[in-house]
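Peer 1: Now for the letters of each chain:
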Amino acid sequence: MNEIRIQAEPLDPNRELDLLRADNPAIGGIVSFIGLMRDINDDKRITTLSLEHYPGMTEKALERIVAEANQRWEILGSRVVHRVGEMKPTDVIVVVAVASAHRGEAFQACEFIIDYLKTRAPFWKKEQAPEGRYWVEARFSDQEAEQKWK
Amino acid sequence: MNEIRIQAEPLDPNRELDLLRADNPAIGGIVSFIGLMRDINDDKRITTLSLEHYPGMTEKALERIVAEANQRWEILGSRVVHRVGEMKPTDVIVVVAVASAHRGEAFQACEFIIDYLKTRAPFWKKEQAPEGRYWVEARFSDQEAEQKWK
Amino acid sequence: MITILFFASFREQLDTESEQMEMQGLTDVGSVISMLRGRGDVWGRVFAEGQTVMVAVNQEMTEESAAIKDGDEIAFFPPVTGG
Amino acid sequence: MITILFFASFREQLDTESEQMEMQGLTDVGSVISMLRGRGDVWGRVFAEGQTVMVAVNQEMTEESAAIKDGDEIAFFPPVTGG
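Chains as they are written, first to last, in our numbering: chain D, 1 to 150; chain W, 1001 to 1150; chain E, 2001 to 2083; chain B, 3001 to 3083.
In isolation and in its complexed conformation, chain D is listed as follows:
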């Protein structure tokens, strides 16, 4: 009912949505966030993205975030799948999908999970641009996004 997965293989958001939907005819709405690799970041053209993570801790961090979402909102199911390793522009980096009987709760829970994932789950991005390879800097806007749930 609450799937959490880290994978190196390409991530198919449609499959995740289908599986969540097939779960339960009481589901009235599904809100999902699909995070995609952009071809440009801070005006640099990105050719490859490498995603590193901390195996073990990543899953624990995501489980804790999803458990908190389940405490705060009435959720009928969720799927959080994050890709690691090398990827190319337009590839799917992450899918967060939340099902509920009523839409307001699914919107809140989905945004909560991705906001917390961004600041609390141990993933790190390294981008390859013509100028070289460099680690992506954490965004202040992500810190702010987390604050709104306090």
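Check before you lean on any hint, since a few could be wrong.
Said to hold, decoys possible - Derived coverage of chain E by chain W (criterion: at least 3 residues anywhere in the stretch with Cβ under 8 Å from a Cβ of chain W; other residues may be distant): (1) 2058-2064; (2) 2067-2081.
Stated by the list, open to error - One-sided and incomplete, this derived list gives chain W residues near chain D with beta-carbon spacing under 8 Å: (3) Ala1026; (4) Gly1028; (5) Phe1107; (6) Ile1114.
No lab work stands behind these hints: they were computed from the structure.
Even for Gly, the Cβ is constructed at its ideal location relative to N, Cα and C.
Use these hints to put chains W, E and B onto chain D, whose structure you have.
Peer 2: This is chains W, E and B only, laid out in the frame that chain D set:
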């Protein structure tokens, strides 16, 4: 870039998401709402749902809502597709999908569009239950949801 | 001539999908509602004072006070329930 | 024995993925950071005062003041950037 469609044929949310995603490699995130027909509503078991609409006005109302979302937030594309006619439990009733460079705007715009669709687009649901057929009553919670965008 | 449309439960209760009529004396949406209510019977009940009636003129949602003119399409319906 | 892990830019800069060491004198996360900083050179720079260093003990995010005990896994990394 902003697709609005009413259709009697079954609605495939995956196709809508794929089309939105294929649009533009600058897309960093897609937030979507998939509205599904539930098998139970207000404790009644629903076997069939009939959706009536006001052709012409429906499209205009949705265009106005999507235009307002584009004014309020930085959006890279959107798709709003609503089904009409007869449907069965677990069928997809509506898909609202919004793409943006940054996720916060996509979350806001997607929820705004579905909240306004619920109170301003001329659709009416009639449910078939073992007890008989009856028109669905408007929900006060949908009126409240609209208020938060004022 | 104006065209009047009815949707959903209104269409069913009134057993009428649409009708056309001359403007004679009709000036705004409120006057159309009064005229329909004046027919009595089920018309009186659907358009009774205090009933929630939504109205669109030329496919734009509007209010009872909205003026109407020759050629307008006026639609009456209950609160919407899509999505 | 404790295990210390380094991730992302820390792992690259320090050219170290993990190391194991005796507890001797180490009591909390802060004491581990001081010990690492004391190695000087690139270690001094990564763990310099004022640098943002995130830490997890046994795979739970925590603070410099957190106590450590024998057998703990202590991970240091820069702010996370997933999603």
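Peer 1: Once the shortest beta carbon distance from Gly1028 (chain W) to chain D is found, is it less than 8 Å?
Peer 2: 5 Å, holds
Peer 1: For the stretch 2067-2081 of chain E, do at least 3 residues have a Cβ located nearer than 8 Å to some Cβ of chain W?
Peer 2: Our answer is that it holds, as 6 residues pass the Cβ test (under 8 Å) against chain W, meeting three.
Peer 1: Is the hint on Phe1107 (chain W) kept, meaning its closest Cβ partner in chain D is under 8 Å away?
Peer 2: 5 Å, holds
Peer 1: The hint names Ile1114 (chain W) as touching chain D; please verify it with the least Cβ-Cβ distance against 8 Å.
Peer 2: 6 Å, holds
Peer 1: Less than 8 Å between beta-carbons is the criterion; does Ala1026 (chain W) satisfy it with respect to chain D?
Peer 2: 6 Å, holds
Peer 1: Count the residues of the stretch 2058-2064 of chain E whose CB lies closer than 8 Å to any CB of chain W, then report whether that count reaches three.
Peer 2: Holds: 3 residues of the stretch 2058-2064 of chain E have a Cβ under 8 Å from chain W.
Of the numbered hints stated above, none is contradicted by the structure.
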